[in-house]
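J.: Please model the entire structure based on the sequences and the hints provided.
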Amino acid sequence: MVTLEFYLIVAAILFSIGVYGVLARRNAVAILMSVELMLNAVNLNLVAFWRFLAPTELNGFVFAVFVFAVAAAEAAVGLALIISIYRNRQTVLAEQINMLKW
Amino acid sequence: MLTFSPVSVSFFIMALFTIGGGLGVVTTRNLVHAALFLVLSLFGIAGLYVLLEAPYLAVIQVLVYVGAISILITITVMVTRRLMGIEETYNRQWPIAAIISGLLGAGLIALVVAQFGALTPVADVPVDNIEQLGRAFVTHQGFLLPFEVASVLLLAAMIGSIVISRDV
Amino acid sequence: MSDFVIFLIDALVKSLIIVVSLLTGFAYTTVLERRVIARIQVRIGPNRAGPFGLLQPVSEGLKLFFKEDIVPNEADKVIFTLAPVITAVPALIVLAVVPLGSEVTIPFLNYTTSLGLSDINVGVLYILAVTSISVYGITLAGWASANKYAMLGGLRSAAQMISYELALGVSLLVPVSLAGSLSLGAIINAQDPVWFVFYPIVGQVAAAIFYIAILAETNRAPFDLPEAEQELTAGYHTEYSGMKFAAFFMAEYMKMIAVSAIFASLFLGGYRLFGLEDLLGGWMGPLILAGKVVASLVFMIWLRATLPRFRYDRLMSFGWKVLLPVSLVTLVLTWVVIVLELIPVAL
Chain A
11 MVTLEFYLIV AAILFSIGVY GVLARRNAVA ILMSVELMLN AVNLNLVAFW RFLAPTELNG
71 FVFAVFVFAV AAAEAAVGLA LIISIYRNRQ TVLAEQINML KW
Chain B
300 MLTFSPVSVS FFIMALFTIG GGLGVVTTRN LVHAALFLVL SLFGIAGLYV LLEAPYLAVI
360 QVLVYVGAIS ILITITVMVT RRLMGIEETY NRQWPIAAII SGLLGAGLIA LVVAQFGALT
420 PVADVPVDNI EQLGRAFVTH QGFLLPFEVA SVLLLAAMIG SIVISRDV
Chain C
427 MSDFVIFLID ALVKSLIIVV SLLTGFAYTT VLERRVIARI QVRIGPNRAG PFGLLQPVSE
487 GLKLFFKEDI VPNEADKVIF TLAPVITAVP ALIVLAVVPL GSEVTIPFLN YTTSLGLSDI
547 NVGVLYILAV TSISVYGITL AGWASANKYA MLGGLRSAAQ MISYELALGV SLLVPVSLAG
607 SLSLGAIINA QDPVWFVFYP IVGQVAAAIF YIAILAETNR APFDLPEAEQ ELTAGYHTEY
667 SGMKFAAFFM AEYMKMIAVS AIFASLFLGG YRLFGLEDLL GGWMGPLILA GKVVASLVFM
727 IWLRATLPRF RYDRLMSFGW KVLLPVSLVT LVLTWVVIVL ELIPVAL
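Protein chains in written order, with our numbering: chain A, 11 to 112; chain B, 300 to 467; chain C, 427 to 773.
The set of hints was computed from the structure by calculation and includes no laboratory data.
Computed footprint of chain A on chain B; a stretch qualifies when at least three of its residues, placed anywhere within it, have a C-beta under 8 Å from a C-beta of chain A: (1) 311-324; (2) 329-339; (3) 349-358; (4) 389-398; (5) 417-423; (6) 446-456.
Backbone N, C-alpha and C fix where the C-beta goes; we use that ideal spot for every residue, glycine too.
T.: What follows is the structure in structure tokens.
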């Protein structure tokens, strides 16, 4: 029997990996991918809690479905922004996209 | 605790895919490879959903994440070749990032083990689970309003991404 | 034996049978295609190897096996090798949710099992998910080859498959709504007296859109732009040779067989045919399904021999401006029909 903590540990590790990617990668697309990892870790948490704590109710399940919708929207807009920045400034390095800094 | 069973073996394979894919995403320099590692990780998550008795979510995971989001990322990387010619993968703050994420992971794991040690499911998943979900999305006692808001969000995202990425 | 071991053997044997029949089917679909096209073009076609040219695929396979396996210098080696595998796998696994017949009892073992690997209750979504991952193989093959023609072919295929997936998904919802279930078994059972393709207007339009969309998904003529040989030499598989090329070839034909089986299950009553499927202790079901699949394959080949290739911009505008709106209207019409109970619906 695989108990709840194992799923949560996997989710925690995946989330930390995602955090590392967001903080350490230079490429904006890679940062976006790391954000997807974090969203997935959260979703895994939601589904695991749903399965182990309240499988007869729908709340956790519905939350996961909404996370899918939000993730799809996030990826579409994020990539559109990256492409737009790439067109205008010929770069996708996060530290060079600093026009609004001063 | 953990015993040797088909479910636990599948769990470890899927967990390995998930975490290995995740590590691949943040460490690979070639972005197309990183996107493929992302796909591997997402497949691992889909497998974990199957083990959590949510096949619907597993299929949606493959459909939305693997079939739509990752293919979008892959194609974006492919059509912008200069994206991949970056010499250094990491910025200067990467040691700090490693420390922060390591501490975060350790803290989360400690918390999880302390709070939810060895918990087994309280009940079985109802058989008509997906039917209930479908009904919940279209009744106002259920999730009608969030459902509509999500569709508006998707519409806004669609229009927004078209407008932003349009060649003016 | 414990239940789990029996379950495991059951699943393994069924998977093996599905894979082997797909591979055999692939080999003989190539012969069928060449013979039928030859007939249409008033030629004879391959008839030298074996009776009626039946050993032709064996000799072709052996030939490809001995060809040199070339990997271009500039290519991304790992992805270049991985791409044919990624292309072939979806074609092999998509049939897992299609019921191939009703229950049968295996003689001597006295073991009753249903024909078909696993009729899960999200079967239709599974099909959509698997078709959506089949975009990867071709796109990655085009990218990894480091060849401009391959790249163009790969990008074309990605755009084409993603665009037609929408019409595919929406037209697929018509049988789902009519049957009130996402399981293919339930959809087949709902067509017991009347096939969905005979439902006036909604059934026919949905079936036509679905068929066009699966032609585009499998990159068959008239939608074979990813490999348009006159303009792109061979599209995404320009740089492939030997067994890797064979894998692409195999994937295309296995996809044809798989989507034909899915089409037959969604619109043509699957393994059922006026109760004939119960003959021979239930073993008639797979044969009936195979007959429907062959009919669909012959139709695809006929289309290839008849229709010229689409121009790329017309392909896109056809998919987005014609197929998608029409399929949406059909879906709404289906719901109107169901709510007003104009046709008997098994709910």
